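Peer 1: Line by line, the protein sequences give chains V and U.
Just add 76 to wherever you are in the first sequence, counting from 1, and you've got the numbering used here.
Just add 107 to wherever you are in the second sequence, counting from 1, and you've got the numbering used here.
No lab work stands behind these hints, which were simulated from the structure alone.
Every value quoted in this text rests on a predicted model; they were computed, and no experiment measured them.
None of the hints are false.
Okay, derived cross-link-like pairs now, DSS-like style, lysine-lysine, Cα gap no bigger than 27 Å in a straight line:
| # | chain 1 | residue 1 | chain 2 | residue 2 |
| --- | --- | --- | --- | --- |
| 1 | V | K107 | U | K204 |
| 2 | V | K89 | V | K282 |
| 3 | U | K204 | V | K117 |
In silico negatives: residues of chain V with every beta carbon more than 12 Å from chain U:
| # | residue |
| --- | --- |
| 4 | E142 |
| 5 | V153 |
| 6 | F155 |
| 7 | T171 |
| 8 | K236 |
| 9 | T270 |
| 10 | I276 |
| 11 | K282 |
| 12 | D308 |
| 13 | N325 |
| 14 | V348 |
| 15 | A355 |
| 16 | D364 |
| 17 | V366 |
With the Cβ distance kept under 7 Å, some of the chain U side facing chain V (calculated, not the full set):
| # | residue |
| --- | --- |
| 18 | F178 |
| 19 | F183 |
| 20 | A188 |
| 21 | P189 |
| 22 | I191 |
| 23 | P192 |
| 24 | T195 |
| 25 | I200 |
| 26 | A228 |
| 27 | Y229 |
| 28 | G230 |
Note that the Cβ used here is the ideal one computed from N, Cα and C, for glycine as well.
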Amino acid sequence: MAELSTRHLLGIKGLTEQDIQLIFETADRFKDVLNQPQIRKVPSLRDLTIANIFFENSTRTRLSFELAEKRLSADVVNFAASSSSVSKGETLIDTVNNILAMKVDMVVMRHPYAGAATFLSKHVKAQIVNAGDGAHEHPTQALLDAFSIREKYGDVAGKKVVIVGDILHSRVALSNILCLKQLGAEVMVCGPTTLIPKYINALGVKVEHNLVKALNWCDVANMLRIQLERQDIKYFPSIREYTMLYGLNKEILNSLDKEITVMHPGPINRGVEITSDVADSKQSIILDQVENGVAIRMAVLYLLAGQTQ
Amino acid sequence: MQNLTLLDGQKFQITIQRLCRQLIENHNDFSETVLIGIQPRGIYLAKRVANELRKILPDSNIQQGDMVITFYRDDFRRRGAPLIPSETKMDFIIEGKKVVLMDDVLWSGRTIRAAMEAMLAYGRPQKVELLALVDRRYSRHLPIMPDYVGIDVDSIASQKVVVSWKETDGEDKIVLLSEIEK
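Sequences and hints are given; from them, build the entire structure.
Peer 2: Rendered as structure tokens:
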């Protein structure tokens, strides 16, 4: 028997290494469940209702959470802010309390503002899972990324991972850095100076502005999308110039001394941060990441639900 | 704690061999039968029985798997913390096969109920039987009865039956543990 040290999953920051390993070990078993020959679901959460509340667009994460919930036999309600009373001026707490009044046990929330999940966890009774809050954290993405590295190499400790792209606006980058460091990996960030946060050194990561140097150093490269929707000013002259300096193509990949692993949290902008022949190459584990996402989310929901009583 | 050894040494081995002979009576060469040990402790019984059967029937293909039932338990969210499952190893489909579920100790029957549900993820068996090394009689919470029994034990709820295995614990032994009254 084992238990997470937290009642909510608000970010990687609140997790211990033991928590992460426990999530991984549980996710291993859920991967078995997803590959069962006939029935790919289990009844564990059959008496639970989970609300997926998305105040921001999402395809992969929402689908992945919904699938994870359904594979655990939970009842699921979906809520998208664009089609709700939020546009009529309702506050976040009111919205969520109204949903909870309909007897919902757990809330999976994505919100454009950093700290929204933490705020909610202090004001409502249900357990909260953060599915991305602004440019702050995206814990399940970091967990599934680290889980995919562990699956590929057997262990995360000692591996060298470079995160390339828009570090400044990326919640995936912050959660990944925290998660990988917690598990003993070496982390480097790479991108234009304007897209690297000022206080990045406080996180104990290396910084490199030359893509080829960064790729020669690493075992794994996690290529991030440029978050144009969060950029209110111009951070670089043009997308074309960004691609020339920080886009990963087959030519660069083949010129490296060793065979590195390529990851991407999606959605991919093909031809910008990564070319199609790299995204679809055998060095890419992008689709494994998506598959692992369901198992990781099942593990998180299962472990959180198990401790409610 | 007071320990009472119920079975060990050669008697333990004789019991396993008797169970194997009883299985052969019903399953002939095991071509249509699979043996499933229930994780965590039932797998040692299933492995031992499978190995004994392979010695007795060297030309047969004895199929044996380990099955996790953790996600199918009926006490999830009713105990302190969730149980962390072990690994399922079932590299066969049970569709149309005769299944023999195996566990070391049969007590309330709830594990077996969960196992029957978990098993369906691997197909619809033609028939399911239950083999228990120890049957703690008169303690069932559900209408479940074993088809093959190593030994019957009459015990009360506060007692515990522990099965040790040569392969993992150093010796074959079944012990009844009782709390000493103060």
